[in-house]
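K.L.:
Between the sequences and the hints, there should be enough to build the whole structure, so can you do that?
Chain residues, written in single-letter form:
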Amino acid sequence: MQHRHSVSAHRLLGAIAALSLGALSILPVQAADNIIRLATTTSTYNSGLLDNLLPPYEKAHDVTIQVIAVGTGKALRMGQDGDVDVVMTHAPGAERTFVDAGYGVEPHGVMYNDFVLLGPKADPAAVKGMQDVDAALSKIATANAGFVSRGDDSGTHKKELTLWKSADVVPEFSGYKSVGQGMGKVLSMASELQDYTLSDRGTWLAMQDKLDLSVLVEGDARLFNPYQVILVNPANHEGLNTDGARELAEWLISKEGQQAINDFRLKGKALFHASHGETGFDAQQTADSTSPSQGKVEQAEPRS
Amino acid sequence: MSLWETTQEAMGLLLRMDAALWEIIGVSFRVSLLAMLAAVPPALLIAFVLVRCAFPGRWLLISLVNTLMAVPTVVVGLLLFILLSRAGPLGDWHLLFSQPAMIMGQILLALPILVVMLHAALASVDKRAWETALQLGASRPAALWRLVMEARFGVMAALVAAFGRIIAEVGCAMMVGGNIAGFTRNITTAIALETLKGEYAQGVALGMVLLVLALALNLLLGLLRGRGQLAVQA
Amino acid sequence: MSPPTSSSSSATTDESLSAATAAAAPCARHALLCVRDLHYRLPPAARGTADACDASGRLLWQVPLLDWTPAHSGGWVHLKGDNGSGKTTLLRVLAGMQSPTGGELQWAVPGTERVHYLHQQPYLFDTSVSGNLVLAARWQPQRRSAGQQRVQVEEMLDWSGLSDKARQPARSLSGGERARLALARAWLSRPPVLLLDEPAANLDQAAVEQLATRLEQMCREGCAVILSSHQDNALSDGCSARWTLTEGRLHTESLL
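Protein chains in written order, with this note's numbering: chain L, 1 to 304; chain B, 1 to 234; chain V, 1 to 256.
In short, the hints are calculated from the structure, not lab data.
In this text, a Cβ means the ideal position worked out from N, Cα and C, and glycines have one as well.
What you were told as hints is all true, and nothing was included just to trick you.
Negatives, chain B to chain L, calculated, CB over 10 Å:
#, residue
1, 16
2, 25
3, 40
4, 42
5, 67
6, 83
7, 152
8, 156
9, 225
Among chain B residues calculated to face chain L with C-beta under 7 Å, some are:
#, residue
10, 96
11, 179
12, 181
13, 193
14, 196
P.N.:
Below is the structure:
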């Protein structure tokens, strides 16, 4: 009885070992040179831009691009850890820190979209139609209206913090809610709570039918949202597909890639504007990154 | 960063009594303890009725409760979200994204596991215990309390399991709590967030709190069980 | 559990023809227990629980008429019957723990909780010896102050001879000790009637004699005792009456 028992136990162990080995044997395939791992923000992914851009590229170049859609903070962190080959994010300050620290190389501005300040139709802080986003934010803070913040260290969150800073407001009024969630979730929370919030235009367009919110402030140059593509520094990690990543980055800033970005439409509206080499955009980028330490400060105190 | 460095940093955060970190831990405990407080009495009554009363459909009900135990937490969260949403039937309560909403969700999550495990615990007590208590003049509540005491190890196991489930769940807390810093951000939603941000140390620190909690609860349970045959104050 | 005084009107069987007239007879003036047309039918063999109370099951026993008036205060009845004759069911019906399938019974004591039934193997709570008595003191029908309860517990520990084992887990006791503890726990509130189901089963001679001493003492203090067994033993020796359950009928005889 006991003997039979031990035999079956051995068999079981053997089966488990075989299974685990089988599972492990799949892993090295991921390092193959026809796979590019791209960490990017939810805004580019959820808007459908990448689904539009990448499949033709994959077909033409016989590669598979694995897109990992996370917040900018996580995306840069994955780049730093060598978990991906290339990142595409929209937080100039943090990106500068990322490159300066040697985690990334060859940054290129690719495109920009813009942010919009949303709020309840009742607009208790009366900011509708204002041209100056800083003034609008101060009014919201003075009125102590509800404001839902991403609070997740994402590019949108960093953008929001930059705006509060330039509006000279410390966002600690009692209506301010830092929720640490994705854009879609934040939008539905703002709609449920009838609060103000800052959103990228793409997510707003995709979700606007389901939301009880409206665009109150838009078009201010400070609301522009520049995206950069940065290669993960191959000197730091082994086994990166840097060549594939570089090829992809160069395609994105090529005439063909830039055209594809400009042609992308969501609900009939252009979302992203190709910006490689655009002087206006570069000026904006410089303005956003006036304090080089800005990204670092936010990293250390994400809940501020 | 290596796992070891992350762990060291996490330990540092905990030992420095980082205020934000401990506030998050406080939210978790307050919400889950209140949810337990609210969920245990009805669960105990349902379990008791299931043990004592043979009514038609009883086994159907038990199977149903067993099934509910397997419902993912996000599904409970979604259900509650729809109920509490401004457009939902309970929208007027304005409870969405508040601690009461999290408590409601956790009550719903705790109930099935409590009912199932309390039912098993009470069913394991000899039928004569109930009769003897009544024979000695105990009121029904007093006799029920005695049954709970007779089954105290099973009851403790049920409480620990339910508490472990609700304090460690993230789906429902995220959905109806909203992870608002300082209000509804608890251990699990904070871990989800910190990981999203790439701030692993915070996540690991909070994870360690949950781990230590689980260890403490199980040690307590083991300790009680070890004393199983010893006299307990009646 | 419905109170035993609840009546059933199902008088359709032929046995109940004579019982029907008996049922009309008023209770004897000083009867402690008054039974009219009490009967119990087993549930039908088909395990349909819904009609468990349907009168189509096999008749386990019936007691057409019984007026029990103990000759002296106390009174000690030996309920005798073969295994399976329904002694336990009868005792449980008399204690109000189980409903009869028909008939009436009435105790001339206030409240059915004053009729105390002790299981064949008494259930001891999972606590200490004194803890079991503390529970009985807390639950007893008459309210007692905490101080009085303590006195009662001490008294019953002494009475059962378990004072030196007061702090031990009740379940660590020997068979005889368990029986004495269960008896002390029941006797703590001085119930006027005590029903014991096979108290001598699984006990050795010495334990039975210790039990007998205490039962005699209880009888002297005015407790009416009905104890069941399938044969005569040391406990049944002192009985003032014998009730025999044979072929579904209860026969009573005085032993005085």
